[in-house]
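Engineer: Residue numbers (full-length UniProt numbering), protein chains in the order written: chain Y, 1 to 348; chain S, 1 to 348; chain R, 1 to 348; chain F, 1 to 348.
One thing to keep in mind: the hints can contain errors.
As the list makes no split between identical chains, a pair holds if one copy fits it or if it spans any two.
To be verified - SDA-like, lysine to any residue: derived pairs with alpha carbons at most 25 Å apart:
#1 Lys-153 x Ala-292
#2 Lys-107 x Gly-217
#3 Lys-153 x Gly-276
#4 Lys-107 x Ala-175
#5 Lys-107 x Arg-253
#6 Lys-153 x Ile-180
#7 Lys-107 x Pro-284
#8 Lys-153 x Arg-218
Think of the hints as simulated: they come from the structure by calculation, not from any bench.
There are 4 protein chains.
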Amino acid sequence: MRFLAEVAQAGAATGRHVVKRIGIIGTGIMGADHARLLTDAVSGACVGGVFDPDAERAGGVAARSGGARVFADPYALIGDDGIDAVLIASSDATHEEYVLACVAAGKPVLCEKPLAPTTEGCARILEAEAAHGSRLVTVGFMRRFDPGYTDLKAVLDGGEVGIPLMIHHVHRNPAAVPGIPGSALITNSAVHELDITRWLFGEEITEVAVHTPRPSGRAGGTRDPQLLILTTESGVLADVEIFVNARYGYEVRCELVAEEGTVTLDAPPPTSLRRGGLHARELPADWRPRFAEAYRLELQDWIDGTGRGATAWDGFAATYVAQACVAALESGERHVVGMPSIPRLYRG
Amino acid sequence: MRFLAEVAQAGAATGRHVVKRIGIIGTGIMGADHARLLTDAVSGACVGGVFDPDAERAGGVAARSGGARVFADPYALIGDDGIDAVLIASSDATHEEYVLACVAAGKPVLCEKPLAPTTEGCARILEAEAAHGSRLVTVGFMRRFDPGYTDLKAVLDGGEVGIPLMIHHVHRNPAAVPGIPGSALITNSAVHELDITRWLFGEEITEVAVHTPRPSGRAGGTRDPQLLILTTESGVLADVEIFVNARYGYEVRCELVAEEGTVTLDAPPPTSLRRGGLHARELPADWRPRFAEAYRLELQDWIDGTGRGATAWDGFAATYVAQACVAALESGERHVVGMPSIPRLYRG
Amino acid sequence: MRFLAEVAQAGAATGRHVVKRIGIIGTGIMGADHARLLTDAVSGACVGGVFDPDAERAGGVAARSGGARVFADPYALIGDDGIDAVLIASSDATHEEYVLACVAAGKPVLCEKPLAPTTEGCARILEAEAAHGSRLVTVGFMRRFDPGYTDLKAVLDGGEVGIPLMIHHVHRNPAAVPGIPGSALITNSAVHELDITRWLFGEEITEVAVHTPRPSGRAGGTRDPQLLILTTESGVLADVEIFVNARYGYEVRCELVAEEGTVTLDAPPPTSLRRGGLHARELPADWRPRFAEAYRLELQDWIDGTGRGATAWDGFAATYVAQACVAALESGERHVVGMPSIPRLYRG
Amino acid sequence: MRFLAEVAQAGAATGRHVVKRIGIIGTGIMGADHARLLTDAVSGACVGGVFDPDAERAGGVAARSGGARVFADPYALIGDDGIDAVLIASSDATHEEYVLACVAAGKPVLCEKPLAPTTEGCARILEAEAAHGSRLVTVGFMRRFDPGYTDLKAVLDGGEVGIPLMIHHVHRNPAAVPGIPGSALITNSAVHELDITRWLFGEEITEVAVHTPRPSGRAGGTRDPQLLILTTESGVLADVEIFVNARYGYEVRCELVAEEGTVTLDAPPPTSLRRGGLHARELPADWRPRFAEAYRLELQDWIDGTGRGATAWDGFAATYVAQACVAALESGERHVVGMPSIPRLYRG
């Protein structure tokens with residue numbers, strides 16, 4: 001999936017270094033972070049252009065990205081000859097239309113999750129990509145590039161602990177907007193675990209259930225926390241504690257339980273403090289320091305075009321399973337997922 | 001210290017992306033690793049040329065670096081207009097002459113430690129740089145960029161644990177060449193702790209002593225392990241266990257002891273295994289996985305020209321203190337270091 | 001250096017030291033361990049008599065217990081004037097009759113779990129104790145005395161983490177008899193978590209569900225592992241991974257999730273090893289080293305008569321909830337527990 | 001639920017249970033703790049009598065020890081027929097005379113460390129015990145019974161890590177009386193590490209040195225912390241960080257470095273907390289919770305008369321090495337210890 005046929009030439013002497021010019025749509029927290037990484041920490045990339053409804057914000061990011069061009073129209077950016085590929089970090093509702101425009105323009109696109117908020121929207125992208133005839137879309141499930149998760153998968157795939165049976169996930173944020181619907185915990189947060197579970201075991205989730213304790217008094221009425229129970233095709237049982245008002249910090253952990261042993265991912269920071277009666281390691285306040293390396297590696301991989309990122313099908317499947325979980329949350333019953341079969345473009 | 005006046009233009013549309021063309025002298029393990037990082041993982045750099053006495057080895061690295069040019073003469077590489085800066089990863093004894101050539105050519109140079117094996121050699125580089133009038137030399141003490149060490153320093157500098165009093169270092173390699181002189185443990189290995197101690201506290205080491213237990217039966221006669229005792233200008237006491245035949249793996253740790261608490265750097269990997277009666281984290285077999293991120297950040301910082309790396313003076317001082325430690329090892333007595341005063345070019 | 005030739009008679013010199021003479025019924029692994037603790041590590045107790053269907057085994061334990069008397073009939077032991085209290089460590093099916101005999105004799109009795117295998121059996125003991133008019137029965141849920149669990153409860157009760165919302169339990173044994181029924185995982189093993197959950201939150205479990213992955217190939221057909229989901233009166237959600245063929249070792253852990261933070265019990269051993277590429281802590285092969293201190297403290301507390309141990313009602317409730325879990329396992333549905341109301345004798 | 005109205009006389013029914021009546025001299029913090037353990041947590045012991053210059057304090061401890069007799073004269077206690085053995089927890093300066101009186105009375109005695117503050121005092125006890133002809137004296141180096149240290153020694157003696165080369169000790173207290181002499185850190189605190197080092201390797205310390213950083217501003221002029229360097233007969237190198245104003249808590253740790261691996265003793269508590277941005281384990285405020293189990297096991301071992309405790313010779317040797325360390329601290333030079341040869345009574 002090396003996606004750039006023609007690239008900018010850089011370096012007169014070597015004549016061989018190529019730099020992809022990335023157009024960024026959406027320059028909020030995530031878009032600005034990506035612009036910084038593409039400019040400062042990724043090989044073979046530069047920010048070629050940016051668009052944001054807030055032109056001032058776009059201008060600031062452009063200035064900090066080596067003087068990238070500011071576009072007034074996202075479709076003009078997508079279509080510009082000086083833009084080799086597009087990164088979408090705009091609001092969720094706009095993802096579908098921008099991704100479709102990129103596919104129509106034949107340009108590689110990295111879209112932040114979700115690919116689209118609805119399974120119908122995701123399906124339209126699958127159809128467009130099928131019509132195009134090759135994969136152009138990558139979905140920003142960055143955890144697939146986290147050294148902790150890739151280490152976990154390497155241990156599993158290496159047979160070091162035998163056949164997998166269960167996985168316990170914990171996913172906590174310190175605070176969320178009070179009173180958000182309980183479904184948002186699934187579609188915004190636990191969707192990462194849905195993707196990781198599919199990726200880790202290389203198979204679909206077939207059945208889901210959701211259990212909930214009394215909600216935290218800090219949640220403003222949201223059904224928070226929740227415990228999702230997922231079953232995969234081969235019978236692996238995954239549970240996911242999602243808790244978005246956990247107060248104490250941001251934390252993502254899991255333990256894979258297999259026939260001969262278990263693997264735990266907890267990613268402790270490199271230092272610990274002894275102070276005030278405690279021996280402690282610090283926990284981050286949000287997800288960005290925890291997954292900073294994953295974002296960098298995700299972008300580098302996308303620029304390199306090696307195609308290890310989540311496909312449009314993965315984006316569709318994550319949204320599909322999330323919807324099943326929302327239904328299970330609302331009904332209180334186990335739900336069979338009933339995933340459609342994978343299109344030919346995404347097989348093998 | 002942004003060192004490139006003229007840079008290659010990359011990206012027609014932006015007109016702003018610059019790529020520094022790096023010449024690499026020495027394409028053994030370290031040089032090849034650096035070439036890979038510059039090609040695949042650093043922003044704004046490419047490998048412009050390589051030299052190695054083993055032309056076949058040089059050719060392989062050049063091919064894996066996007067088709068870099070292979071030079072038959074290191075001085076031709078240094079002088080070539082298509083080379084913006086030079087990275088020296090050749091044998092220790094050759095460092096001095098190549099660094100001097102770079103300074104003569106007015107080109108930025110990153111030299112793997114040691115800057116030179118002798119204090120006299122280091123001093124000649126200081127003189128050359130003084131004559132040149134600005135800093136061109138960076139020494140590859142990569143630990144200064146390790147996220148663990150920078151985190152440790154941030155905690156210290158942030159006043160979280162108060163005034164520092166002691167630091168305990170542990171530095172272990174699984175195996176060394178049997179029968180190497182005991183001094184090699186200091187000049188090759190513990191020299192990293194000498195540099196880190198100076199960097200962490202921002203002051204010189206004034207007195208040293210070395211204690212040794214009976215040597216390991218695995219060391220082939222080498223005085224291994226050793227315990228170095230260092231005192232800094234302000235009275236911080238540092239001890240360094242250096243053990244190059246520790247068998248079980250590679251490990252670098254330290255604990256900083258201060259008036260209100262302590263900070264420990266141990267850098268655990270992100271995952272742990274439960275298997276065969278043990279709950280375990282894996283230790284690496286050598287220093288490269290442990291300091292992979294440090295090397296990448298060191299190179300990115302050097303390419304960015306922000307000047308956070310070790311200077312020629314730091315390279316001189318590390319060699320100077322190492323020599324005092326060797327004298328203390330041989331005499332069994334405490335040695336006063338007697339460091340010369342810092343030249344004007346490296347102050348402030 | 002055994003220094004006393006002639007020994008003092010307890011109470012003789014001081015007139016104040018009392019020693020309870022304990023009769024032990026069942027001298028298998030658990031009974032023999034208890035005999036050893038009562039003889040060697042508990043204050044104010046001695047083994048006064050033992051009974052076992054295997055008279056030779058009983059004789060061996062008696063000999064190692066300072067020459068305790070061997071009874072040929074368990075009811076004779078219970079009724080003997082030289083026996084102050086009775087410890088029952090015989091096979092599960094015999095618990096009920098021996099406990100009833102102790103109550104009839106008015107003697108304190110510590111019965112290993114389960115109090116009785118059926119809720120009907122447990123109910124008969126409740127009736128007998130009610131008729132007697134005061135509590136004589138303690139059930140051997142030793143985890144209530146484990147320093148880890150009591151520490152966890154102290155943190156919770158001290159308000160350090162706020163109102164509890166969830167608890168995740170992990171309970172693993174290395175191997176079980178192949179092909180045992182899946183219900184045995186609940187009634188023999190997870191019953192400890194059922195008791196601990198009730199004890200920790202001071203309330204009943206009202207609803208249960210059981211999820212199962214594909215079974216481990218090591219389980220010989222047993223549905224192993226299982227994931228129990230429990231809901232308490234106030235809405236705390238507890239999940240229990242029970243896995244009796246986990247291979248790698250014995251392990252009991254939990255994490256309590258509350259509104260302001262979490263508490264994890266993992267009880268690491270005091271030492272760790274670095275060897276062969278690993279930094280590891282050892283895990284025990286079975287539950288006895290893990291809970292050795294809990295057993296000692298449980299016995300000391302029972303001898304002291306302070307009544308902190310599990311009551312007959314706790315024994316009844318644990319069996320009652322376990323039966324609900326077995327029903328949930330078999331039906332695949334959530335089950336409402338429908339616990340009877342607590343008899344007056346056990347209130348307050 | 002104290003269930004026995006009438007209690008059995010020990011030995012009456014079984015004729016075999018013996019209870020040693022212990023006389024305690026000194027009922028301060030340590031003496032009161034020992035009285036509690038002997039009464040509540042040790043098998044085969046009771047407190048037969050107590051003496052303290054503060055009669056009220058003695059009376060309180062006696063009352064909490066089952067009504068032990070209060071003696072007005074320590075020598076009367078030692079000589080009383082109702083006292084089988086004596087525990088000395090009085091002020092350091094009085095140890096020698098009480099121990100000598102016990103030896104003269106032919107009674108077993110457990111003396112808190114130090115056996116005597118001076119080597120001369122210790123030597124007089126050795127002479128008295130030699131004259132008596134058998135060992136009566138045990139010195140309260142309780143760490144020899146700590147499960148962490150015994151585990152460490154078992155790993156070493158089991159050959160799991162090969163031949164020992166070094167050991168790094170850390171010993172920290174939160175605060176000490178400001179301005180105490182630097183020698184007190186050695187004789188009061190680090191003396192535990194001196195004893196443990198001798199016990200662990202089964203050999204004498206032959207050479208010592210002391211390094212000191214600038215003192216902590218919290219130490220009121222005391223030379224605190226210090227780094228002791230010890231060499232044993234076989235050439236093991238031990239370093240001891242002793243820091244009595246470490247502020248953050250009480251902590252004792254060590255890492256044994258051997259030819260094939262290392263063993264670390266850090267004794268983490270069974271639970272950890274996630275709260276306020278930290279994942280933390282609590283550290284105790286003083287040594288008593290850390291060594292509670294060691295004290296209990298030490299007392300039980302002493303009551304059992306199995307003789308695993310430190311002998312009078314160990315008490316002498318610890319004081320002897322401590323004096324050499326004090327000399328090294330004062331001179332700033334390495335000191336050869338020059339230990340006398342071990343008397344026949346303590347060999348083998």
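Engineer: Check Lys-107 against Pro-284 for me: Cα-Cα at most 25 Å, and say if that holds within a copy, between copies, both or neither.
Structural biologist: neither (36 Å within a copy, 41 Å between copies)
Engineer: Indicate which option fits the pair Lys-107, Gly-217 if close means a Cα-Cα distance not exceeding 25 Å: within, between, both or neither.
Structural biologist: Answer is neither: 47 Å inside a copy and 48 Å across each miss the 25 Å cutoff.
Engineer: Quick one: Lys-153 to Gly-276, C-alpha cut-off 25 Å, is that within a copy, between copies, both, or neither?
Structural biologist: Result: close only across copies, 20 Å inter versus 38 Å intra.
Engineer: How do Lys-153 and Ile-180 come out at 25 Å by Cα distance, when the copy is not named: within, between, both, or neither?
Structural biologist: Neither. Shortest intra-copy (33 Å) and inter-copy (32 Å) distances fail the 25 Å Cα cut-off.
Engineer: At most 25 Å between CA atoms: does that hold for Lys-107 and Arg-253 within a copy, between copies, both, or neither?
Structural biologist: Neither: 35 Å inside a chain and 47 Å across chains, both beyond 25 Å.
Engineer: One pair to classify: Lys-107 and Ala-175, alpha carbons no more than 25 Å apart. Within, between, both, or neither?
Structural biologist: Answer is neither: 37 Å inside a copy and 51 Å across each miss the 25 Å cutoff.
Engineer: 25 Å Cα cut-off: does Lys-153 pair with Arg-218 within a copy, between copies, both or neither?
Structural biologist: between (35 Å within a copy, 22 Å between copies)
Engineer: Under a CA distance limit of 25 Å, which applies to Lys-153 and Ala-292: within one copy, between copies, both, or neither?
Structural biologist: both (19 Å within a copy, 20 Å between copies)
This entry does not satisfy hints 2, 4, 5, 6, 7, going by the numbered hints stated previously.
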